[in-house]
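Trainee: Spelled out from the first residue to the last, the chains are:
6 protein chains.
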Amino acid sequence: MAKRIAAFGEVMMRMQVPGYESLAQSSSLQYSFSGTGVNIASALSRFGHTGYIVSTLPNNSIGEAAMAYLRKLGIQTTFLSRAGKYVGMYFLENGFGARPSRVTYSDRLGSSFNTSVPDTYDFCKIAEEIDIAHFCGITLAMNDSVRDQMKQFAREVKNNGKSVVFDCNFRPSLWGTDGYAIAKPHYDEMLKLADIVMMNEKDAIFTLGMETQEVDSLEQLKDLIPKVAEKYGITVIAGTHRLVNRDNTHSLRGYMYKDGAFEFSKMLTFSVYDRIGAGDAYASGIIHGEASGFTTERTIAFASAAAMLAHTVVGDTPTSTEAEVFHAMTDKAFDVER
Amino acid sequence: MAKRIAAFGEVMMRMQVPGYESLAQSSSLQYSFSGTGVNIASALSRFGHTGYIVSTLPNNSIGEAAMAYLRKLGIQTTFLSRAGKYVGMYFLENGFGARPSRVTYSDRLGSSFNTSVPDTYDFCKIAEEIDIAHFCGITLAMNDSVRDQMKQFAREVKNNGKSVVFDCNFRPSLWGTDGYAIAKPHYDEMLKLADIVMMNEKDAIFTLGMETQEVDSLEQLKDLIPKVAEKYGITVIAGTHRLVNRDNTHSLRGYMYKDGAFEFSKMLTFSVYDRIGAGDAYASGIIHGEASGFTTERTIAFASAAAMLAHTVVGDTPTSTEAEVFHAMTDKAFDVER
Amino acid sequence: MAKRIAAFGEVMMRMQVPGYESLAQSSSLQYSFSGTGVNIASALSRFGHTGYIVSTLPNNSIGEAAMAYLRKLGIQTTFLSRAGKYVGMYFLENGFGARPSRVTYSDRLGSSFNTSVPDTYDFCKIAEEIDIAHFCGITLAMNDSVRDQMKQFAREVKNNGKSVVFDCNFRPSLWGTDGYAIAKPHYDEMLKLADIVMMNEKDAIFTLGMETQEVDSLEQLKDLIPKVAEKYGITVIAGTHRLVNRDNTHSLRGYMYKDGAFEFSKMLTFSVYDRIGAGDAYASGIIHGEASGFTTERTIAFASAAAMLAHTVVGDTPTSTEAEVFHAMTDKAFDVER
Amino acid sequence: MAKRIAAFGEVMMRMQVPGYESLAQSSSLQYSFSGTGVNIASALSRFGHTGYIVSTLPNNSIGEAAMAYLRKLGIQTTFLSRAGKYVGMYFLENGFGARPSRVTYSDRLGSSFNTSVPDTYDFCKIAEEIDIAHFCGITLAMNDSVRDQMKQFAREVKNNGKSVVFDCNFRPSLWGTDGYAIAKPHYDEMLKLADIVMMNEKDAIFTLGMETQEVDSLEQLKDLIPKVAEKYGITVIAGTHRLVNRDNTHSLRGYMYKDGAFEFSKMLTFSVYDRIGAGDAYASGIIHGEASGFTTERTIAFASAAAMLAHTVVGDTPTSTEAEVFHAMTDKAFDVER
Amino acid sequence: MAKRIAAFGEVMMRMQVPGYESLAQSSSLQYSFSGTGVNIASALSRFGHTGYIVSTLPNNSIGEAAMAYLRKLGIQTTFLSRAGKYVGMYFLENGFGARPSRVTYSDRLGSSFNTSVPDTYDFCKIAEEIDIAHFCGITLAMNDSVRDQMKQFAREVKNNGKSVVFDCNFRPSLWGTDGYAIAKPHYDEMLKLADIVMMNEKDAIFTLGMETQEVDSLEQLKDLIPKVAEKYGITVIAGTHRLVNRDNTHSLRGYMYKDGAFEFSKMLTFSVYDRIGAGDAYASGIIHGEASGFTTERTIAFASAAAMLAHTVVGDTPTSTEAEVFHAMTDKAFDVER
Amino acid sequence: MAKRIAAFGEVMMRMQVPGYESLAQSSSLQYSFSGTGVNIASALSRFGHTGYIVSTLPNNSIGEAAMAYLRKLGIQTTFLSRAGKYVGMYFLENGFGARPSRVTYSDRLGSSFNTSVPDTYDFCKIAEEIDIAHFCGITLAMNDSVRDQMKQFAREVKNNGKSVVFDCNFRPSLWGTDGYAIAKPHYDEMLKLADIVMMNEKDAIFTLGMETQEVDSLEQLKDLIPKVAEKYGITVIAGTHRLVNRDNTHSLRGYMYKDGAFEFSKMLTFSVYDRIGAGDAYASGIIHGEASGFTTERTIAFASAAAMLAHTVVGDTPTSTEAEVFHAMTDKAFDVER
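Protein chains in written order, with UniProt numbering: chain G, 1 to 338; chain B, 1 to 338; chain C, 1 to 338; chain D, 1 to 338; chain H, 1 to 338; chain Z, 1 to 338.
One should not assume that every hint holds.
Just so you know, same-sequence chains aren't split out, so a pair can sit in one copy or run between any two.
As the list claims (entries may be wrong) - Below, in silico cross-link-like pairs of lysine-lysine (DSSO-like), each with a Cα-Cα straight-line distance of 30 Å or less: (1) LYS85 with LYS202; (2) LYS162 with LYS227; (3) LYS184 with LYS222; (4) LYS192 with LYS222; (5) LYS266 with LYS151; (6) LYS72 with LYS3; (7) LYS3 with LYS192; (8) LYS125 with LYS72; (9) LYS125 with LYS3.
If you are wondering where the hints come from, they were derived from the structure by calculation, not from laboratory data.
The following block holds chain G by itself, in its conformation from the complex:
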């Protein structure tokens, strides 16, 4: 059954150098609007749900452009506030083969989202009108004001008996020196509120400070994730292990822990066109599987195939329909579809 999912997070303007030139070589940019919340809300709309973004955009040409873009993606803008002056931006230079891609941020702390006043959103009302809320560790890294909004929203959702999804998504560069120590209490708080959590063993070790005797990452995962689930009372924990190969392909294996048991996807290896946002496609697959009552095995296969397809799509935001993901879950490659 179709759910109403609201994602809380910043709308970013992505400005990408077309082709494989650097910013110093090129003179043009392709722009679009994305962000973890945008990706989640859009991906779930493609799967048949109703996706909302809870965010703030400025009242100027860029805000207008962002609004139009979100509508185009099929995202509901009902819970979008208009205030402030700027949109967070990032520049993307595509790598090729042995040369990695580069991302350069503009000053996102001054964005409309990150400077929004405390009572910008009516979380009470939003929590009533939705089924699931999605949060992300990137938002948690911004500033106290946004962190407070985020936790307040999560609490309202819980109070209304709705589901909280939290993607740990720890970005060291956003937290600065002693980042893990600063981040831990905030992560603790969010994890206690969460029903579904996206993470892997690295989050447990570094952010949550948990210890393990294992050295292999898979063994660490098997050791620590059950402990996290128990400690914080989390229903579903899921995530991926990723390998970046030297030949423009990645290998990815998804896992999901639920009801005391692990389920793993096959190791998928595939050509990569645009890697950014693929993690959000995976999270959307997990949420969709859970929302649709899939078996764990089917959920993990669905989420992994959704992530694989997201690597083949232009832009951050996953665009595959449920049918397309099912199609990709088979092992075959396909000729032109006419």
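Following the hints, complete the assembly by docking chains B, C, D, H and Z onto the known chain G.
Mentor: Then chains B, C, D, H and Z, alone, in the frame of chain G:
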């Protein structure tokens, strides 16, 4: 020696989304004009023959654009009629890796070619002025009027002692429910008129309703193709087996049956840039080999290399010269040519 | 106060050659989706109303692209049906100076909208949920099935006490030989249902067959429009006189007839970037003025300025906000706005 | 009645910076192939004649591209030789308003055309197969070898009783110091062979060294052109006076002298998109008028309208059909044609 | 004689929507780097001087791109510091005819330039190595730290006996409420240090709070500018009056006050391609005239023609050479230059 | 420590068909300026040295564009002369998979560089101001005048006790029939002056006419290179063996011979985006290693990684910084860098 080859078939307008965006993501299209007949006539012009297209285009801007494009390809437009109102069109969205390409057609039944009146073409005169005529199963699927023109043209060609080439090219979506049963009498008729036929075991089984005890497709081919040749009195039957791999490569192996014997090419595996029209390159290679008196072994190697190169070229229409195909028949890969 | 406006009409795919090349010279197209209904619904959304399109789109890539584009324009797609196979299309080649622009249509009679089955739309429900419905003479020219849907919808709107807007928009090429005679009874029917009508003296003379002794077009207008208003019981009649100048400018003068009196705008002369859709901007301005309780003088000035701005905007669909139109109603030209 | 016209001259590769950037600002170029001969042959093909180019192109990728482009323009390539190594090239930077356009040439003296060996063309056979031959003063400026070919071709044409058209087109930069003195004997020779000549009073004064007491250019024209016609035995002399205005428009007035009488077109003022090649459109109009038996008045109006339209078209080469020129000969400006 | 000119100011990243679409309609941007200082240093390099920029750029991909762009413009980067994290950015949407252009800024207060630490630049050494320093009122509006750097640099320049140029360039939006009052002391300070000042009567009235009985702007200018020159001890004051016309043209008249006398240029009216940065071209022309010992009449004609040309050039930054400006100072319009 | 390196050689204009179309299919080109000297000077600038180009460019728009481009690359233009009329040009059509890339040259012998008069450069002064000079076998192939300049410059460098680098780079098509015999004395002369030489066994066998009993290319290398070093008194000889694979990858192994010992890099296999100029990246790596006092092992690893990265970068000219090359020397592939 250079031959005069006339291909009967629709000129299609191909509208391709540049890069890897979908129609919903992009806002621009690259257009060109192609179709099986166009591809055959153009490919054979590159091999030193004179290629004609027998078709109809409207008297408007799009017809003008198509005419100019055909001339650019080196196709003779002497046998082209101008009437009707529309050009058949298709939209192409490029796939990437695990995500397949998609083709969406406009209403081609209303095209100038498919609505042309019975006496549009002077087949008698055309048959006198050419050496070889090429027909395709796609045209056979259109409507009774076009089917009648096609058979009339083929008969005139035979009556003039010239060669008929027929490419089975059965597209299920064009024939609808009970397609095989509806198609069979028309295929029977064309096969009886044909000297050279492009097909494989699937056509024999599904369209012609032939039976075999073999299960492996290669064994089916070896069992059925000689029977087809005998039943319909066909001099040369040729075709390919294709494998779509998951890493943006295809594998292709060509076969040719002539004088009671099979000849197979090596299995070629190669990177694919644009897969559409590659079958027409293969057919052009077979026609060229036969027209030039190549040995069967050389013809099959030539046709397979021509098909391989057609996968590396922008657009539907093969552009390789005879020298370039000979070059590609060696096993080496080449550095920049200066 | 914001109104809910539903426009009934076909969604067209516009494919424009960029710059000033012809289709025979270029190899790329810019595409967007428009149509009179789309333009009206979008323009009124920019003015603060809620705009719906009542139409049908196919369930394929092009339908998806059209849906996304309509959402981007801010149009509500609640009343949009998905069925059929094709979208009506037109190709636009830009003229320059003494060389006129050219429009070439694809086969729109086979479009999803024009082949939709009789009970496609729940007009009863739609009429309840809206305030104003907009219809256009282009739709009236299509076929009996669409004409029946159109009249049924208009009657439901009247039965619900809501407003009917009808834009005469007679296109001779769509009606064929004896077009005026064929069209007249259908126009009679729509005019009797209409509250607001877009037309000028030419419609009265040619389509409605009315006679006048005047020879000057302005005098003809003054003679005939009051008679039309009386005969059909129309509240507001409005329209424009346009002059195409040789230097890439147009001159435009709007008129409005209401309560037995004419009001004329100043003659505006302005540089033209894209002329298509400007008439819809004018109609939207009239509807907005009436919906907002503007004086006739203000309405006519607003509609004329809206039309002028629509000539300066890329694409068919007007994009100006109410504030931007007010800004343009002053006589000044403006420097860069920072 | 349709004529066969062969133009002798170099095929140039035009490389244009798109938009209004300079070569130092931009990083991309649009290329096409043109030249006076190409423009004449293509323009007359659009008017219903058969246009040939007599020239030489190299056997490499650029030669192939030029061949394809000429075919696209509808030019017959039967008389085209393939030899040498290079194509003459020029770079075009578009001016805007008060900033003039700039043309920069590559080394055209080394081009295939300008280095072709004496017996490259079978002028005897060509002269038999055509009705009219066109020559240009630019070719005359190249080198002795090309000049010899040019005169030999013109003589063969005269010997076969066919028509010679000569466009004086004196470019000072190509002739260098003492250019007029060096050029005169060659011009004398060509003018004696010519039936139709494109020139104005400046050519008579500077190149032919004729004297006049008049100071106004129109009076000079009226004084000198009859003397030129008499001295060299020329049937038709035609040309234009052009005014470059500061607002992106030009003013142009055509004249034609025939049977002892002058005919002048109206002064046309029009917006200019691409000025290069417009003189060739004028010449093509004169040739077409003469070939079609138009009155002098109609010829001059046709040629002037053809020239005007050529200023509105992308690229050097005129693309207007006879119908489009007739359309433009009216005084009206036109709305979009649908 | 060639001078060494250093401009102190921010390097901005300009991101322009190509063509005439809005940010909401388009998906691509053209970027370049400019700013008043960049424009001045580059324009004077084209006039044969050595132009330096004194500014700060971040150590990332965008900083690298800006550096490469400045080098391309011919600007010396010796005095450029690398620190901080961001570059000031602005988005430009082109207007057309009656629709004005729009500029939207990103958060420039956080830029590397505006957050540079006090001792970033060795003004002492810079002042020794240059002849002229250029400052701008936009920089004065930023923050105290930058203001202090600016004044310190200007004082060092004076102390070294070099020239100070100050362009008042008051932008109300940058100063906020009570902007004039806040700005005045800073302007007072800069004007006292300045030898050449760019301003007009509006600056005198609003920023400097001077009073006049005149109502016409020209009379106000004549009344106030001599008083400003006297009060602050300024050698040369220059500026322009601009009129934005409705037909994509502007009218501009330059003035210069020196040695107690006014000199005015002719009123120039010209087509406008890109208006931004044209004021900097004018200032560069004044500086060049003064640096080259032109008469006041010649200086004002040169500066006005330079400003006119800057309106016809792509981008903010003037690109005309001294020869091109001289060329434009004649009254003629020019045909293609070959 | 940073060195000053001057490369002597032609600045070429590269005109590349974008994407994978041929010149006959496309209508646009991307242009940039490169050449061996440009590539070396730019690559070494990225590694922290000061790179000069010693060459000649024309005084026109193309010369201006080349100057701006060289500055953008960070190359010092102090030793650049402005004279002559043309720039050498080449057209690049990208291959794909089994279809090789094609390069077509314009007439470079007429370029400003190749027609520069004997005393164009003050080699005496240049030799004093630099540490290292770079020469290339391509320049040696041009004409006697350029060869004389080249040798004169090399002798001056030696006389000043600076280092000479010579890249053999024998291009058979530039030397014509009996090329090896014609080339040998010139190569002998340059090799005697050289300190660092880029070559492999093929140069020894074909150009220098040396003999070996070995058949394997590696064994030939080991046999001949020490003999070359001894015969000509060369300190360092380095080069690569390259394998072009059929799947858009190349394999490359670098070698270096110094102090009587060989050092080999690992065999690197990597995806190739743009192969041209990669040899210059390798040479730059060797020069940088030697200039920086790296061990031979580190130099060879650095040069090979620099060459590998150059295959992943748009354009001929290497753009990687020293840090990026160090990064690529590890075996890992990297995810997006944020």
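Trainee: Evaluate each hint against the coordinates.
Mentor: Hints, verified against the model:
no., hint, in the structure
1, LYS85 with LYS202, "between (36 Å within a copy, 29 Å between copies)"
2, LYS162 with LYS227, "within (24 Å within a copy, 63 Å between copies)"
3, LYS184 with LYS222, "within (21 Å within a copy, 60 Å between copies)"
4, LYS192 with LYS222, "within (20 Å within a copy, 67 Å between copies)"
5, LYS266 with LYS151, "neither (35 Å within a copy, 53 Å between copies)"
6, LYS72 with LYS3, "both (20 Å within a copy, 23 Å between copies)"
7, LYS3 with LYS192, "within (23 Å within a copy, 46 Å between copies)"
8, LYS125 with LYS72, "both (25 Å within a copy, 26 Å between copies)"
9, LYS125 with LYS3, "both (17 Å within a copy, 25 Å between copies)"
Hint 5 alone, counting from the list given before, is not met by this structure.
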